[in-house]
Amino acid sequence: MFSSKVVYILRYFDSTGLAESSRILLTAAGVEWTDEHPEWPQEKPNQPHGRMPVLVEKSTDGSPDFVICESSNIERYLARTYGFLPADLKQAALQEQVRDLISDVNGLFTGYVYCQNANDKAMLIAKFESLLDTLIETQTILLKNNGNTGRLFGNSLSYADIVSYGFYINMMINAAQFKPDIANLIKPKLTPELVKLISTAEFDPLTVKHKSKDGSLTAAISA
Amino acid sequence: MATSKDPQYILRYFDRIGVAEGSKLLLSAANVEWIEEHPEWPQEKPNQPFGRMPVLIEKHVDDTDFVICESGNIERYLARAYGFIPSDIRQAAFQEQLRDQASDMFAAFISQLVAKSEEDRRENFAKFDGLLDKLVEVQTKQINANGNNGHLFGDKLSYADIVTYAFYKIIVVGMVKRQANIVDIVRPKLTPQLIKLITAVEANPLLSSYMTRSDSLAAVVTKPTSARL
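Protein sequences, first through last, are from chains U and V. Residue numbers in the first sequence follow our numbering, run continuously in steps of one, and reach 223 at the last position. Residue numbers in the second sequence follow our numbering, run continuously in steps of one, and reach 1229 at the last position.
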């Protein structure tokens, strides 16, 4: 893909959060990469949009670093570059819309966490649950239509599989620090098809060596 | 040049300036045949892929439909199909991250609009305000780096130009009925570079048809405020 060696730095907090899908994509791509956990908020001004995650692509041929941000943008870039998103625009769009729905679900949860007032919290957690139900239903239908192989599309590990896994590991394990009962809220909603997606994505030959800070989501679900 | 083989598009959304606006601009700029559909809501919820809108339907003469949803996804699909996003993956990423940032800013705007309590409305407004300031800074820096020619990248109307214009339009024109003070909050923050971009987008020949049906954002943002008189 590149004429000289490329190495990546992924800047984010020391948590799964919004960076985990990018980490899994980097692992699956088989490229050299490291995590960087900048002093925060001191390093805010040094990031393109004053936020993280940030992806730095360094080349050994002396060309300038390529630096991008915004979690779903980073994921799409890596997925396109390393073949986890199809080149066909229509097929790519069918995968990307799943991730965009995930973004909306994440946004509702973040809104819930950061608001103070009980009425607002109640409104937002209700919206979160409702949209999460939509996400689960959507993913389950895709999995069924794809032969319930544990893959959302096609026959091999895809961007859609990875970003779905990244969503669930963050929301079921990492998010417990913000809402302690979140795993008990989500676990009963997981369909058998989704449970299979999670283990298939976690134990794919391309991802099996990935070590997540949150451990194994497959193990956490079957506990 | 459209032929009988070219697809036709239906864009399903509410009859207002909202998150479908970028898609409307792209469909217009692409010069394809397209129409808006305003389904009965919420009755038509179950008939949409994710129970939400916007939805894009691409129809072909052999009667196959291609249906996608999620506003950012629809925009990227159209922008790629019709050449408004560069085929170079890195150049595309620079454009797409601006849309993702603008989308976060808009989500924060909505949070402060719908907050039930005054305390959360104030908190969310502060978040929106901060994101807006940063967005303006990042956009203006990019416009300057591009020579302040009315474009964020290159010298032709791009996806980045369109979605940047769209998000300001949604807030400053689309949302003014729901939050009257938003114009006086946003307008003073817009830099001359951004006003030039907004004006250039509206003046672009590719959008002349769109502009015959849509209110002018440029007219609102170039109106003198009391601070300038």
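A few of these clues could be false.
Unchecked claim - A few chain V positions that, by computed beta-carbon distances, are all more than 12 Å from chain U: (1) D1015; (2) G1072; (3) N1144; (4) V1172.
What the hints assert, rightly or not - Computed footprint of chain V on chain U, listed as stretches where at least three residues anywhere in the stretch have a Cβ under 8 Å from a Cβ of chain V: (5) 28-37; (6) 79-90; (7) 178-189.
To be verified - Label-pair restraints from in silico Cβ distances: (8) V:R1090 - U:K209: 47 to 57 Å; (9) U:K213 - V:S1117: 28 to 38 Å; (10) V:P1042 - U:F178: 24 to 34 Å; (11) U:P192 - V:Q1091: 35 to 45 Å; (12) V:D1063 - U:T149: 27 to 37 Å; (13) U:V113 - V:A1180: 40 to 50 Å; (14) U:G147 - V:I1185: 28 to 38 Å.
To be clear, the hints were calculated from the coordinates, so they are not data collected in a lab. Bear in mind the structure is a predicted one, so any value in this text is a computation, not a measurement. Glycine is no exception: its CB is placed at the ideal position from the N, C-alpha and C atoms.
Non-interface label on D1015 (chain V), tested against every C-beta of chain U at 12 Å = holds (22 Å)
Does the claim that N1144 (chain V) lies outside the interface with chain U hold up, using a Cβ gap greater than 12 Å?
-> At roughly 15 Å from the nearest Cβ of chain U, N1144 (chain V) sits farther out than 12 Å, so the non-interface label holds.
Given a hinted range of 24 to 34 Å, is it respected by the beta-carbon distance of P1042 (chain V) and F178 (chain U)?
-> holds (30 Å)
Check the following: the C-beta atoms of K213 (chain U) and S1117 (chain V) are separated by a distance inside 28 to 38 Å.
-> Given range 28 to 38 Å: holds, Cβ gap about 34 Å.
Does the Cβ pair R1090 (chain V), K209 (chain U) satisfy 47 to 57 Å?
-> The hint (47 to 57 Å, Cβ to Cβ) is violated, given that R1090 (chain V) and K209 (chain U) are roughly 28 Å apart.
With a cut-off of 8 Å between beta carbons, are at least three residues of the segment 28-37 of chain U near chain V?
-> n = 0 at 8 Å, threshold three: violated.
Consistency of beta-carbon spacing, Q1091 (chain V) to P192 (chain U), with hint 35 to 45 Å | Once the Cβ atoms are compared, 42 Å apart, the range 35 to 45 Å for Q1091 (chain V) and P192 (chain U) holds.
Coverage of the segment 79-90 of chain U by chain V (three or more Cβ within 8 Å) = holds (count 4)
Measuring from beta carbon to beta carbon, are G147 (chain U) and I1185 (chain V) in 28 to 38 Å?
-> violated (52 Å)
Would you assess whether G1072 (chain V), listed as outside the interface, keeps its beta-carbon beyond 12 Å of every beta-carbon in chain U?
-> violated (6 Å)
Range hint 40 to 50 Å: satisfied by the CB atoms of V113 (chain U) and A1180 (chain V)?
-> Violated, since V113 (chain U) and A1180 (chain V) (Cβ atoms, about 30 Å apart) do not stay within the stated range.
How does the Cβ-Cβ distance of D1063 (chain V) and T149 (chain U) compare with 27 to 37 Å: does it lie in that range?
-> holds (30 Å)
Hint check: violations occur at hints 2, 5, 7, 8, 13, 14; the rest are consistent with the structure.
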